[in-house]
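Q: Below are the chains, spelled out letter by letter.
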Amino acid sequence: MKERTKFLLMVTVFLACYFVPWDSEVVRRSGLEAFMMLQEYAREHVLTCLVPAVFIAGAISLFVSQASVLKYFGPAANKILSYSVASVSGSILAVCSCTVLPLFAGIYTRGAGIGPATAFLYSGPAINVLAIVLTARVLGWELGLARAIGAILFSIISGLLMALLFGKDDSSRAAGQIYLPEDTGKGRTLLQESVFMLTLVLILIFAAFAPPRQGEEGLWAIIFEAKWFITAALLVVLAVILKAWFSKQECIKWLEATWGFMKQIFPLLGAGVLVAGFLLGRPGHPALIPDHYIQGLVGGNSLAANLFASISGALMYFATLTEVPILQGLMGAGMGKGPALALLLAGPALSLPNMLVIASVMGVRKTAAFSIIIVVMSTVAGMLYGWIVS
Amino acid sequence: MEIKVLGPGCPKCEAAEKNVKDAVAEAGVDASIEKVTNAIEIAKHGVFMTPAVVVDGEVKCVGKVPTKEEIITWIKK
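In the order they appear, the protein sequences are chains A and B.
Oh and the first sequence: position 45 is 45 in our numbering, straight run, nothing missing.
Oh and the second sequence: position 69 is 1069 in our numbering, straight run, nothing missing.
Think of the hints as simulated: they come from the structure by calculation, not from any bench.
Remember, predicted model here, so these are calculated numbers, not experimental data.
Keep in mind that the hints are not guaranteed to be accurate.
Mimicking EDC-like on lysine to aspartate or glutamate, the simulated pairs with C-alpha atoms at most 20 angstroms apart in a straight line are [as the list claims (entries may be wrong)]: (1) B:K1018 with A:E256; (2) B:K1044 with B:D1030; (3) A:K253 with B:E1002; (4) B:K1012 with A:D169; (5) B:K1068 with B:E1002; (6) B:K1044 with A:D169; (7) B:K1064 with A:E250; (8) A:K2 with B:D1022; (9) B:K1044 with A:E25.
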C-alpha cells in the first residue's frame, strides 16, 4: 500500500468516527445488524461450507495439472475444445488473481485468439468452486445452479460473439514460442486423483447438508440424521488416501496452498459481510438503507429492475465472494430473484477497475463490446430466471 | 546478466522476486533485476502463467515460484 493511500484511509476513518451520528437509532440498529450477520456466517457457513471448500480449492490448484488444461489455449488448438475448456477452466485455473490477466493476455495475443480469451476472461472469476458453493449454500441451490449454468453459457456465447465481431484482428497476432508450466508427473493415476477429489467434494456436500423442512420424512431426513457419521467416515477415507497415495511433502504443500486461500478470502469476506449487514441487514431485519428503496429499484422482475441490477453489477467491484452477503442483504430487503441472478452474472466478471485493465490489453472498443454483451445477456437471463421461478 | 521477473504483483510473484534477489546476492553475480507487471509485456515473452523468470531472454520457469537454489543454477555459469 502506498503511503498516500494509507493516509487517505486514516483520514476517512477519522471523518467517519467524527461525523457519523453513532447514537441515532438507525445507526445503532445497523451496527448491530452488521455483527448479527457476521455471527450468522460464522455459525452457519464457515466450518461446514467455506473451510472444506477452501481445502478443495487448495487441492485443485496443486494437484490438477495446469499444463494439461493450458495446451487447449495454444494457437493451433482445436477451436471447439478451446471454447469448452475455457468456459469451465475458471474452476481450475483462476483461483488466484495472478493467473487471470496474464493468461488472458497470453491467449489473446499469442494463443487461441480473442474468442477463447474472452471466454476465459469471463469464466475465470465467475465459475470458481468457492463462489458457486457459497451461493448455493447461502442463497439457495436454485440460484447456485442457475449461476453455474449461466456462467458457462455466457462464457461460450460472449467468446463466440467477440470472435464474430473482432475475429479478423486475430490474424495480426504475434507468432512465436509459447511457454507453459511443465507437466510434473505426480506418480498417481487419473483414477486415484479423481477418487481423492470426489472424497473432498463428498465431505463438503455432507458437512453442508441442509436440514429437511419441518416434518419432512424420507431419504433427505435420514441423510440429515446421519450426516455427521457419513462425514466422519469420509474423513477416515481421506486420511487413508493421503497416507497411501500422497507424500508428506505433498500434504504440507496442500496445507500451505489452503492457508494461502484462507488468507486471501476470509478477511475480505468478513469485511464484506459487515458492510452488507450494516447497509442492508439480515433478511427480515431492516438496517441503514430502507427496504422500499431496494424494492423500488430492483424489486419484482421488470426490465428496468434487471437492467439496473446488471449494469450496477458490471460497474461495481466485488472482492472474492463478497457478492454473496451483499445479495443476501439485497434479497432480504426485497430484491427480486431475476435481478439477483442478473447481478450475479454481471458482477464478479466485470468491474470498473477491471474494465480499465482489460482495455489496456485489448483496447477500448473491444472492452466496451464485451461489457455490453455481458450486461445485455445478464439482463435477459435475469428476466428469464425471474419468470421461471415465479 | 539481465534477469526479468514477470508477474502482475500477486504474493507469489513477490515471493519469486525475493528469491531472485537472494539468489543474485548469494551467487555474487553482476545482474540487473527487472520486474515486469504489464500484462501485454508479459504476454510478449510467450508466458501464459505467472510468476515467470527470464534470464538473458531465456524463459527459465513458468507458473511457479522457483527456489533460490534453482535460480542459482540458472545464473551461475
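Q: Would you mind marking each hint as holding or not holding in the structure?
A: Here's how the hints hold up against the structure:
1. B:K1018 with A:E256: 18 angstroms, holds
2. B:K1044 with B:D1030: 25 angstroms, violated
3. A:K253 with B:E1002: 31 angstroms, violated
4. B:K1012 with A:D169: 33 angstroms, violated
5. B:K1068 with B:E1002: 17 angstroms, holds
6. B:K1044 with A:D169: Holds. B:K1044 to A:D169 sits at ~17 angstroms (cutoff 20 angstroms).
7. B:K1064 with A:E250: Status holds; Cα separation ~15 angstroms.
8. A:K2 with B:D1022: 24 angstroms, violated
9. B:K1044 with A:E25: 58 angstroms, violated
Hints 2, 3, 4, 8 and 9, counting from the list given before, are not met by this structure.
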